[in-house]
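K.L.:
Listed below are the residues making up each chain.
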Amino acid sequence: MIKHATSLLISLALVGCASTRVEERREATTGIGDQEAIVLLGRASYSDRETETSFTDCVASALAKGERPLRLVTQKDFKDQLYPWFEPRTAPTSSKDLAKLFAQPGVQKRIIETQVRYLAWISGDTITTDSGGSFSCTLSSFGGGCFGVSYWEEDASYEASIWDVENMTTSGKISADANGTSYLAGVILPIPIIARPGNAACKALANQLREFLQGAPIVADEV
Amino acid sequence: MTKYCSFSLVVVCVFLLGGCTTSVTVEGTIPTPVVEKIPVNIGIYYSDDFKKFQHEESIRQHGNWKVDMGGQNLLFFRNLMTAVFVDVTEVDALPLTGEDLTELDGILVPEIVKYGFLTPNVSGLKFYSASIHYRMTLYNTQSEKLGEWTIVGYGKSERTLFGTTESLGEATVLAIRDGGARIAMEMDSQPVVQSWLENVTE
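One line per chain: the protein sequences are C and B, in this order.
Note that the first sequence ends on residue 223 in my numbering; no numbers are left out.
Note that the second sequence ends on residue 202 in my numbering; no numbers are left out.
Note that these hints are calculated values from the structure, not bench results.
Be careful, since some hints might not be right.
[Claimed, not checked] For each label pair, taking beta carbons as the anchor points, the in silico distance ranges come out as:
| no. | chain 1 | residue 1 | chain 2 | residue 2 | range |
| --- | --- | --- | --- | --- | --- |
| 1 | B | THR22 | C | SER131 | 41 to 47 angstroms |
| 2 | B | ARG135 | C | VAL22 | 47 to 53 angstroms |
| 3 | B | LYS66 | C | ILE127 | 42 to 48 angstroms |
[Stated by the list, open to error] With a straight-line cut-off of 20 angstroms between C-alpha atoms, the simulated SDA-like cross-links for lysine to any residue are:
| no. | chain 1 | residue 1 | chain 2 | residue 2 |
| --- | --- | --- | --- | --- |
| 4 | C | LYS173 | C | ARG21 |
| 5 | B | LYS37 | C | ASP80 |
| 6 | C | LYS76 | B | LYS37 |
| 7 | B | LYS114 | B | LYS37 |
Backbone N, C-alpha and C define an ideal beta-carbon position, used for all residues, glycine too.
Taking the hints into account, I'd like the entire structure generated from these sequences.
P.N.:
Written as structure tokens, this is what we have:
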């Protein structure tokens with residue numbers, strides 16, 4: 001009985017779903033050698049919204065796995081190697097600034113040492129767009145339980161801007177948007193039905209980024 | 001009896017909340033900057049206030065806070081100055097006498113003017129944030145003040161469930177790191193430094 005209840009809870013917890021949309025804009029041909037690496041950099045700002053470290057970690061983890069794993073340099077290692085040039089307030093804001101940056105003594109040498117071919121600047125965040133319902137749990141000497149339903153809707157919107165360090169150009173942009181509604185229902189036991197739009201956006205962005213970097217050629221517009 | 005128990009409970013709660021101090025010791029690693037060294041022999045004076053800088057603050061309803069960042073800040077500055085200048089000599093006191101000034105091209109005195117932080121409870125944001133105002137004062141070898149400039153470093157760190165001290169510590173390290181980045185990148189573009197360098201390298 002307990003086994004069935006546990007299975008039911010687990011399966012219910014997995015029911016929550018998120019819908020995802022991915023868009024890609026390619027500006028140059030790409031390709032990455034076996035020894036070449038990519039670094040994912042969260043675009044930081046001093047406003048209240050910022051790309052979560054957990055999101056860039058998720059994309060990095062997804063890119064490093066699978067049939068065609070990419071070689072990644074961690075954000076921390078890269079920023080430490082190139083300190084103070086990739087700090088939140090000093091990092092280049094466009095690929096056009098790379099040439100100026102490379103003119104600084106020691107910078108180009110350090111980048112060559114890291115074997116980083118592409119920088120992917122990740123921006124965006126996950127926000128709760130709506131929430132409601134009522135849910136409460138009580139515990140008394142006669143027993144306890146949870147009753148009610150609450151929900152919250154989340155929207156995850158992220159974009160990766162990919163720079164080619166070798167050519168000092170922007171290779172393209174990929175955006176991933178996902179949204180989903182999570183529920184917490186109380187029928188004596190609390191039953192969570194969690195949608196994970198942040199996770200869905202992470203997987204979608206990672207898959208598209210892998211495809212993008214591993215060399216899909218530019219398809220000329222048909223006339 | 002019930003009234004007495006309730007009163008005691010309130011007294012205990014107030015005592016516990018009032019006496020609660022969150023102590024944060026700032027730790028972490030900050031890298032060496034990749035910048036072109038300025039070809040001078042600089043004397044650096046770190047005051048005791050700078051070396052042992054601590055910030056104490058009482059926030060209403062959020063208790064007392066004590067942030068100890070002097071040690072980490074000093075380590076970072078020693079590393080930073082060595083990366084920015086060709087030769088660095090740490091001096092023990094100011095003003096320097098003629099003998100102490102031999103072979104020095106000038107003296108730089110970094111100070112922490114102000115440190116501040118915000119917790120998510122206060123700011124309403126998801127982050128702990130910290131800021132440090134540094135003042136850099138440059139003296140020539142006659143111990144005359146040539147000028148000063150201020151650098152502000154900002155840092156923020158995501159809130160974690162049970163990691164108040166870690167999050168604030170990380171935000172402070174990032175503020176030191178940010179301030180250091182500005183100092184390293186902007187040192188030779190400060191007007192006072194530029195005119196001093198012109199005189200020194202003549």
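K.L.:
Kindly indicate which numbered hints from before are broken by the structure, ordering the numbers from low to high.
P.N.:
Numbers 1, 3, 6 and 7 - these are the hints that the structure violates, sorted from lowest upward.
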